[in-house]
Every structure is written in C-alpha cells, then in structure tokens.
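J.: Residue strings, one per chain:
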Amino acid sequence: MKARIKFRKYGVMKFIGHLDVMRYFQKAMRRAEIPIAFTQGFSPHMIMSFANPLGVGLTSDGEYFDIELTGPVASKEAVRRLNEVMAEGMEVVSFVQIPEEKKATGMAIIEAADYLALPKDETEEVTKEDIQNFLSQEEILVVKQTKKSEKEVNIRPWILEMEKQGASIFMKVCAGSSTNLKPELVMSALLKQTGSNLDAEADYRYHRLENYARKNEALVPLDALGTEIV
Amino acid sequence: MRKLALSDEILLKIEKPARYIGNEINSVMKDKSQVDIRFAMCFPDVYEIGESHLGMKILYDMFNRRDDTWCERVYSPWTDLDRIMREEHIPMFALESQDPVREFDFLGITIQYEMCYTNILQVLDLSGIPLFSKDRTEEDPIVIGGGPCAVNPEPLADFFDLFYIGEGETVYDELLDAYKENKKKNGTRKEFLEMAAEIEGIYVPQFYDAEYHEDGTLKSFEPNNPHAKRTIKKQVVMDLSAVPYPTKPVVPFIKVTQDRVVLEIQRGCIRGCRFCQAGMIYRPTREKDLETLKQYAYEMLKNTGHEEISLSSLSSSDYSQLKELVTFLIEEFKGKGINISLPSLRIDSFSLDVMGKVQDIKKSSLTFAPEAGSQRMRNVINKGLTEEMILDGASKAFEGGWNKVKLYFMLGLPGETEEDMKEIPRLADRVARKYYEIPKDQRNGKCQITFSTSFFIPKPFTPFQWAEMFTQEDYIHRAHVVNQEMKEQLNRKSLKYNWHEADVTVLEGVFARGDRRTGKVLLEAYRLGCLYDSWSDEFDNEKWMQAFDNTGVDLEFYTMRKRDLDELFPWDFIDVGVSKSFLKREWERAMKGEVTPNCRERCSACGAMCYQGGVCFEGKN
Numbered sequence: 001m002k003a004r005i006k007f008r009k010y011g012v013m014k015f016i017g018h019l020d021v022m023r024y025f026q027k028a029m030r031r032a033e034i035p036i037a038f039t040q041g042f043s044p045h046m047i048m049s050f051a052n053p054l055g056v057g058l059t060s061d062g063e064y065f066d067i068e069l070t071g072p073v074a075s076k077e078a079v080r081r082l083n084e085v086m087a088e089g090m091e092v093v094s095f096v097q098i099p100e101e102k103k104a105t106g107m108a109i110i111e112a113a114d115y116l117a118l119p120k121d122e123t124e125e126v127t128k129e130d131i132q133n134f135l136s137q138e139e140i141l142v143v144k145q146t147k148k149s150e151k152e153v154n155i156r157p158w159i160l161e162m163e164k165q166g167a168s169i170f171m172k173v174c175a176g177s178s179t180n181l182k183p184e185l186v187m188s189a190l191l192k193q194t195g196s197n198l199d200a201e202a203d204y205r206y207h208r209l210e211n212y213a214r215k216n217e218a219l220v221p222l223d224a225l226g227t228e229i230v
Numbered sequence: 001m002r003k004l005a006l007s008d009e010i011l012l013k014i015e016k017p018a019r020y021i022g023n024e025i026n027s028v029m030k031d032k033s034q035v036d037i038r039f040a041m042c043f044p045d046v047y048e049i050g051e052s053h054l055g056m057k058i059l060y061d062m063f064n065r066r067d068d069t070w071c072e073r074v075y076s077p078w079t080d081l082d083r084i085m086r087e088e089h090i091p092m093f094a095l096e097s098q099d100p101v102r103e104f105d106f107l108g109i110t111i112q113y114e115m116c117y118t119n120i121l122q123v124l125d126l127s128g129i130p131l132f133s134k135d136r137t138e139e140d141p142i143v144i145g146g147g148p149c150a151v152n153p154e155p156l157a158d159f160f161d162l163f164y165i166g167e168g169e170t171v172y173d174e175l176l177d178a179y180k181e182n183k184k185k186n187g188t189r190k191e192f193l194e195m196a197a198e199i200e201g202i203y204v205p206q207f208y209d210a211e212y213h214e215d216g217t218l219k220s221f222e223p224n225n226p227h228a229k230r231t232i233k234k235q236v237v238m239d240l241s242a243v244p245y246p247t248k249p250v251v252p253f254i255k256v257t258q259d260r261v262v263l264e265i266q267r268g269c270i271r272g273c274r275f276c277q278a279g280m281i282y283r284p285t286r287e288k289d290l291e292t293l294k295q296y297a298y299e300m301l302k303n304t305g306h307e308e309i310s311l312s313s314l315s316s317s318d319y320s321q322l323k324e325l326v327t328f329l330i331e332e333f334k335g336k337g338i339n340i341s342l343p344s345l346r347i348d349s350f351s352l353d354v355m356g357k358v359q360d361i362k363k364s365s366l367t368f369a370p371e372a373g374s375q376r377m378r379n380v381i382n383k384g385l386t387e388e389m390i391l392d393g394a395s396k397a398f399e400g401g402w403n404k405v406k407l408y409f410m411l412g413l414p415g416e417t418e419e420d421m422k423e424i425p426r427l428a429d430r431v432a433r434k435y436y437e438i439p440k441d442q443r444n445g446k447c448q449i450t451f452s453t454s455f456f457i458p459k460p461f462t463p464f465q466w467a468e469m470f471t472q473e474d475y476i477h478r479a480h481v482v483n484q485e486m487k488e489q490l491n492r493k494s495l496k497y498n499w500h501e502a503d504v505t506v507l508e509g510v511f512a513r514g515d516r517r518t519g520k521v522l523l524e525a526y527r528l529g530c531l532y533d534s535w536s537d538e539f540d541n542e543k544w545m546q547a548f549d550n551t552g553v554d555l556e557f558y559t560m561r562k563r564d565l566d567e568l569f570p571w572d573f574i575d576v577g578v579s580k581s582f583l584k585r586e587w588e589r590a591m592k593g594e595v596t597p598n599c600r601e602r603c604s605a606c607g608a609m610c611y612q613g614g615v616c617f618e619g620k621n
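Line order of the protein sequences matches chains A and B. With full-length UniProt numbering applied, the first sequence corresponds to residues 1 to 230, in that order. With full-length UniProt numbering applied, the second sequence corresponds to residues 1 to 621, in that order.
Everything labelled a hint here was simulated from the structure, so no lab data went into it. Among these hints, one or two may not hold up.
Derived coverage of chain A by chain B (criterion: at least 3 residues anywhere in the stretch with Cβ under 8 angstroms from a Cβ of chain B; other residues may be distant) [unchecked claim]:
| no. | stretch |
| --- | --- |
| 1 | 3 to 15 |
| 2 | 21 to 27 |
| 3 | 34 to 48 |
| 4 | 156 to 166 |
Glycine residues also receive a C-beta, built at the ideal position from the N, C-alpha and C atoms.
Build the full structure now, drawing on both the sequences and the hints.
T.: Here is the structure:
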C-alpha cells in the first residue's frame, strides 16, 4: 500500500537542505512508528520518494513525498502521530493512500507549482502593469545555466499565471522532470524588463504554495490524487 | 517563533547553516525568565564534532533536569562564519535561545584534545568575555572547564575561572546550588569562586601560585587562598547504572560524526597500557547494568528515530555481559532495519560470528591495534596482545570470508629501536601471509592490509609521563624506516602504509605536559590566526613556531627532556586515584620490558581502589 504525505516547511527549517529533509523524515517515521516498508538486501532503507525538492532558503505550504506501507494506518492517526514528533517549522498536512502503479509516484507526475515572491523591502514595487507588459511578450529569453553549458531559452510558455497579490507576486509555473522553472529566474527576467535596481535573489524571498499533477486535463494538488485512509 | 542570531543573508551564504539555528528534535527550550541559572555548554570545535560527543549530551541532559537551570549548546563557528562575526561584530550565541553567551551565568567548555585550545580562545573572544580570568567582571559568565585535558589544566589556567576534575555527575549540583546561594545574597564573583574552591573536585587556578627552579622545572605549587585545597580529587561516579543517562538526545538535522544512538556500557579499562591516559584516569573500571542498557536502547531508538545503535567504552570486549548485550541488540532490532555498529572487539569466534551478522563481510574490514610491531615493544607498553593472538585472529577472519585488515601502531615509543620500527611492516606482512596460506580457490582475490602509525605522545598520569619525545625530523625518519622496510616485504603489494604528520604531534606534546607558562604561546598563536588546529587543512605550523619565538618559550623544554623521577609535575596537585608511586613502578617495569597483569588477573595496587568500587571490588561482596 502506498501513501502520500503533504507537509509544510517554514521558519528556520528553510535552512535545512533537501537531503537533510529526507534524513529528517526517515527518523520522524521511526519516532511516529509509521509502518513503513524497507528495501531488501544487506542495508535496507526506507522506501520513500520525494517530489520536486525545495531549495535551501525557500519555505513551502505544499511539499510531498510518497512512502510504501507494510500495514494500514488511518490518515488522521498518521497525521497526528507525525505532528507529535515534528520540529517547529515542519507540519504534516495530509496523509493519503495513492494508487499502486509505479508511474503514480515521485517527480514524474509533477506538472506545475505555485510560488509567491515576497519583497524583503516594499519601497520599490513592481506594478500590475509591469506584470501585464511582461506577460504580453511572445518570447521571454533568459540565459539558463545547466551543469555543462549556458543556453538561451524562452520561458514565456512555462509561465502559466502571474499576478500581484498585495505586495507579493504570485506565479504558477511549469515544474517537474521535463520542464522546471525556478521562480527566481522569472523574477530576474521581470526585474530586468522593468529596469528595476532590485535583485531577484537578494531582495526577494520565495515561498512555494503548492505542487500540481495533471488529472483529466486539469491541474490538481498532488494529494488530490489520493484518498483518505480510514 | 524564535529570532535567530544570524540574518537570512548570512545564513544563506555560509556553509551548512543548520549548524547555527538550533531547533533540533529533543533540544530543550525553557522560559529564561523562569530559571535561575543559564548554562552555556560548549564543545570548542565545529557542530558536527561537538554534537557527536557523549559527554556533552550527558551534561546537557543532567543540567536541564534541574527546573532552575537552562543549559544550551555552543559550538565553534566554522571559519567562514568566524570571519563574518568578527567583521560584523556579532557576538557568540547559544543555539537554543540564540542569546549572546555573555549573558549567561556559566560558560562550560569541554576540553577533549589539546589541539582545540585556540578554539577555546575563539569562543571566549567572540563572546566578548575577557580572555584572562583575572580581567573578568561581575557581568561575565563563570568560565568552567572539564574533560580529559583538565587533568593537566595548567596551559589553560589563566583563561578559566574553574576546572571540574573528573566525571560531571558528582558535584555539579553542589556547584550550581552554591552559585544560586551566592547570587541570592548578592555575593561577588570572588566569593563564589571561594565557595567553589571548597567543593571536592573543583580547582580554581587563580588561588594557586607556581614557582620555578632555575632550570625551568616546577619548584612549588601552593594555594594562595585559604579556601583552596592542596590536592584536587578527581570525581568518579560509583554506581554508573543509577546516574541519569540522556535517553532523549538531540537529533541533529545535518549528518554529524556520530549519527546514531550511543549506549555507554562501562567506564574505565582494566588493561593498563602504559601509553594510555584514558586507561589510567578513568579508573576504576565500572560497568553498567545489562537490563538498564536494554531499556535505554528501546527508549533512545524510539525518542530519536535513529537507524543505528552503537556501544561506547574503552576495550568493549572486557564488558562482562557483552555477549548478552550484543545478542539482544541483534535479535531485537536487526529485523527493524536498525544497524548495529560494533565497537572494535578482540577477534575471537564470538566477535567474528556477530560481525558476520551485522556487517557485509565483503565490504567491512577487521581492525587490530597491536600498537607496536615487536613483542619486546608490546611488553614495554604493556599491550597484552601477542603475535600469536593477532595471527590467529586474522586467520579466523580470513577463513570467515574477510580479506581486509587494518592495523594500528605507534612510532616514537620510549626506547624504540630501529628493529622495533621494522617489525611493524613485518608483522603486517605476516598477517598477509596467513591469508595466502588459504588455498587459492577458497579465497576471495587479494587481501588488503592497511597499517597506520601515529606518533606516541606522553600524557600526564600515565607511566610514560616521564618519557622524552623526539624532533619532527626524527619522527618523519621513523616513518621512512617503516616505509622502506615495507618495500622489502614478500606481500608488499597487499600492504598499504599511512602515517600521520609530525608537526601537530610535537605541539600536542607541549600542551599535554605543559605548565602555566605555555598559556602565553597559546594566546600568541591565536593572535597570529591559529584556529581549528586539529583540522589538517587549517593547521599552520609556521604560525605556531612564530608564537614560540615571539613569546620566548622553549618548545624543546617540554618535549625533548627526559623528566627526572623526582620532578614535581604541574599536574601533581591533582589526585586521579592512580598514585604517582604506581606510575613510577610501571615506568620502571616498562624499561625492563616487564608486563603487568590486568585488573581482573591481579590487582597491582594502582591506587584507584580508594574509590571503593568497580572492578577493585568485583566478586568481593
């Protein structure tokens, strides 16, 4: 039986990198006595796969990982037990059963993610018009650094939605293993266009709101693909 | 939500920000307005090292059991953050509250090795606490040191207000109560130090004066305050099973050196190796009760979620119920995906059997610590391990499927001859020969014998405390003799030799047996920029040599001199239980190559019996 866990990461936990978050949850599973399955072999490890790792410095309301269970545990009970052993800044939001097929898990199903870019200092604001002008372009060319080279790519098709929400900027962008657009890259292109002096890395912090998969043409949060275990 | 001492900008540009944010599972948060005593407990090295240390965990847990005390952790900031803190004048802070250390009542520093001494000055300096005890005011925390290096606290005497000599579980409550009492009646810092000086095991360095002979050796060491005791008695817990143990240790977010549950099974060692300080200063050997340990194993795995458990002690094979304990751990936890990490065990059929159960034989290696290559030298150091035992153990292991062996040796032992050095690679070769005695079709390729040497450093309270050291060049020469001889061996292609650097050895030797005058070298080295000296990438020998030059302290006085049997040592005012006359007897026996039996074979009247328990009274109740 497979389960999907949704969690929030906030406060000082944003300084904990992805590999350490994995280690953290492995230990949390044991503390909460969740009946998790192990791989076979001489040094067994927990069957656990994370979707769309979050970078250091970012907070999130919608992080996910999937596990394999050896026995049943009710959703409510699992959420309660996990939250009893969480550090401040980590909160388990849901625990649902997901289909058994292999391709239902992990990074492969991620299609999009929502982010907020929050200005650290609100004096110099990006306006609604700035965003409209930005989105009205057919092409937004940015230099994307890969491990081997730099290449110019058009990110416009990957920005699905973008708008002002108070002082912050909301965006829904493509995410996952085929196309993964980082919110910092979008902001840096936007600031360049507006001629702002602000720096996308230094003057904004980023918060992920949700990760989405596609279901019948619509984007749905990852845990909407699962069902509550009672 | 807590406010961090460091800004997001800083935390995102330094290595491993998780070292500095606290908030770990099982870290203890209290309301600072509701406690009387705030204790900052420091391990003067980087987080991953300090957070792995059992002694820190024991004291943290013990202090926090007191409702009136909040103990928090402090580690050395790594060099990247160190630079930023100096530039931006950010004071050293404790992990839990993130409050500046200078606001605390106590700064406790555990002193585990000599090469962390400059980091002690770093922590004081970054905290804004005057480096010298004499310059501190009523506003400064009481700076207290403890741990194995505190058995010769003299190189650090000027920098500490107090030293706690021995195991923390005995008189800390008394000390904290005295502090509270003094605070309540608005007593001064000096009044508290005088109260502390009367507590057994507590040493207040400023209440003593040292005088020296013309040749530089110590002439006298006398109290200058009526509250100060002439001798400081090392503190020892007699009922190890009855004292509190940290069953809810902090679980770090980042991978630390000891990322596992640690069960302490015993303290002390019955063996009496003559080079080994731990084997002397933790006497008498005391064991923890098996049922208590089983209970701790359950609780600690549940409270931490760790996937590995290990045992901690000196010479674990001597723990009388080891078989029962290890069998229990394997049967109870192996099936639950918990790794059992075994300590180095004497190689026999039992240890090979359990190792086969918990390790992948193809990947793991077996470790022997003969410490010396020749039987003559093993007798000198009283290492009760014969060549026959080593070769038998290796044979058994090879038959069991292992093909990797690690051997540990020391070079520069007292009276070492070239022949003794050459016996090191020869012994490694003889181990390899055992492997190739197995018929070819039954063995698993080549064997790999890795042997390493470290340089021997004489330590206080050991029979070798009188021994002379050698120059750096001489040490390197010794390593070359070993390396040359290795190349002559039949199975040289199966041997691999590693040796340690010699410059750190010499320095460690100075501070291990240093007196108060060596403190100024430390301070000068720190001022010249020395820090993290136990990290080979950070260590800068030139700066250290400059520090000796600048202060006019003669390095060789501390290392090259063979001490006279009647010399008064800087650490002689401490009574560790083991008597100086016993150590002298052992030193003389060593020179004659005479072996002394271990505590369970026959009592050698070392003096530790004065503690009225442990192995000294086994089977006598």
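J.: State for each hint whether it applies.
T.: Now the hints, each set against the structure:
1. 3 to 15: With 4 residues close enough to chain B, the hint holds.
2. 21 to 27: holds (count 4)
3. 34 to 48: holds (count 6)
4. 156 to 166: Three-residue rule not met by the stretch 156 to 166 of chain A, so violated; n is 0.
In this structure, only the earlier hint numbered 4 is contradicted, and the remaining ones agree with it.
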